[in-house]
Amino acid sequence: GAVVSQHPSWVICKSGTSVKIECRSLDFQATTMFWYRQFPKQSLMLMATSNEGSKATYEQGVEKDKFLINHASLTLSTLTVTSAHPEDSSFYICSASKASPRDTQYFGPGTRLTVL
Amino acid sequence: AQSVTQLGSHVSVSEGALVLLRCNYSSSVPPYLFWYVQYPNQGLQLLLKYTSAATLVKGINGFEAEFKKSETSFHLTKPSAHMSDAAEYFCAVLGGTSYGKLTFGQGTILTVHP
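Sequences listed follow chains A and B, in order. The first sequence runs 1 to 116 under this note's numbering. The second sequence runs 1 to 114 under this note's numbering.
Keep in mind that the hints were calculated from the coordinates and are not lab data. Please note that the accuracy of each hint is not assured.
[Said to hold, decoys possible] Within a straight-line C-alpha distance of at most 30 angstroms, the following computed BS3-like cross-link-like pairs (lysine-lysine) qualify:
#, chain 1, residue 1, chain 2, residue 2
1, A, K66, B, K69
2, A, K98, A, K55
3, A, K66, A, K20
4, B, K68, A, K20
5, A, K66, B, K49
6, B, K58, A, K20
7, A, K55, A, K66
8, A, K14, A, K41
9, B, K49, B, K68
10, A, K98, A, K14
11, A, K64, A, K14
12, B, K69, A, K20
13, A, K55, A, K14
14, B, K101, B, K49
15, A, K98, B, K58
16, A, K41, A, K20
17, B, K101, A, K64
18, B, K69, B, K58
19, B, K68, B, K101
20, B, K58, A, K64
21, B, K68, B, K58
22, A, K55, B, K68
23, A, K41, B, K49
24, B, K49, B, K69
25, A, K20, A, K98
26, A, K98, B, K69
27, B, K58, A, K55
28, A, K55, A, K20
29, B, K101, A, K55
30, A, K64, A, K98
31, A, K64, A, K20
32, B, K69, B, K101
33, A, K41, B, K58
34, A, K41, A, K64
35, A, K41, A, K66
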């Protein structure tokens, strides 16, 4: 068990539009979900941490008004990139942990966002 | 604060040879340490983790890692490389904060030659 899915796997959008990415834990309830961003040939950088039913905790330098996170249930978190610009193009990966935030994180397959 | 340094952004081995990927960490609290593997355009798959139990940790696909506190290291090894091991490997440390922030190293790309 411990499967995490993301949808869509890739998306291309025009500059100025908003894009929503879904992250689902398929076979477990996720106490905490995490959103990471990975630029080409670079490591993962944590953007924010979300717990079901509460506001997300954003890392320093991440614009909370631009990257909206909703964690509506124990199996679903969404990341909305608002008014996307080309510099937002990246690989977005979510992860989920079961029992507590310090539990092992299980990663989704990622979403490739390209903003034209 | 936590940090991770992976020595060598690229490692190349022959099929059947020993794989050694180096990871050193810095942590202000007893760390939890992880190795993940990432194939192109995919998410991360957990290889193994250290959570303060046995210092030698065995993972999937024949990989293992040894936690050495005196050296602040958590190197990943595999006795015999397989072509399917070619991927990017990330070492990560989980710090002492309650919300469980993972700090990743820069990654090591492993190439396996036939």
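So, going through the hints one by one against the coordinates:
1. K66/A / K69/B: violated (41 angstroms)
2. K98/A / K55/A: holds (18 angstroms)
3. K66/A / K20/A: holds (12 angstroms)
4. K68/B / K20/A: violated (42 angstroms)
5. K66/A / K49/B: Violated. K66/A to K49/B sits at ~34 angstroms, over the 30 angstroms cutoff.
6. K58/B / K20/A: violated (38 angstroms)
7. K55/A / K66/A: Status holds; Cα separation ~15 angstroms.
8. K14/A / K41/A: Holds: K14/A and K41/A sit about 24 angstroms apart, inside 30 angstroms.
9. K49/B / K68/B: Within the cut-off at roughly 14 angstroms; holds.
10. K98/A / K14/A: violated (36 angstroms)
11. K64/A / K14/A: holds (21 angstroms)
12. K69/B / K20/A: violated (42 angstroms)
13. K55/A / K14/A: Given that 30 angstroms is the threshold and the Cα spacing comes to 28 angstroms, the pair holds.
14. K101/B / K49/B: With Cα atoms ~15 angstroms apart, K101/B and K49/B stay inside 30 angstroms; holds.
15. K98/A / K58/B: holds (22 angstroms)
16. K41/A / K20/A: holds (24 angstroms)
17. K101/B / K64/A: holds (18 angstroms)
18. K69/B / K58/B: Cα-Cα ~17 angstroms, so holds.
19. K68/B / K101/B: Holds. K68/B to K101/B sits at ~22 angstroms (cutoff 30 angstroms).
20. K58/B / K64/A: With a Cα-Cα distance of about 39 angstroms, the restraint between K58/B and K64/A is violated, given a limit of 30 angstroms.
21. K68/B / K58/B: holds (15 angstroms)
22. K55/A / K68/B: This hinted pair is violated, its Cα atoms lying about 38 angstroms apart.
23. K41/A / K49/B: Measuring from Cα to Cα gives roughly 24 angstroms; hence the hint holds.
24. K49/B / K69/B: Roughly 15 angstroms between the alpha carbons, so the hint for K49/B and K69/B holds.
25. K20/A / K98/A: holds (24 angstroms)
26. K98/A / K69/B: Distance of about 28 angstroms is within 30 angstroms: holds.
27. K58/B / K55/A: It is violated: about 37 angstroms lies between the C-alpha atoms, which goes past 30 angstroms.
28. K55/A / K20/A: holds (17 angstroms)
29. K101/B / K55/A: Holds - the C-alpha atoms of K55/A and K101/B are around 16 angstroms apart, at most 30 angstroms.
30. K64/A / K98/A: holds (25 angstroms)
31. K64/A / K20/A: holds (14 angstroms)
32. K69/B / K101/B: holds (21 angstroms)
33. K41/A / K58/B: holds (28 angstroms)
34. K41/A / K64/A: holds (25 angstroms)
35. K41/A / K66/A: holds (24 angstroms)
The earlier numbered hints that this structure contradicts are 1, 4, 5, 6, 10, 12, 20, 22, 27.
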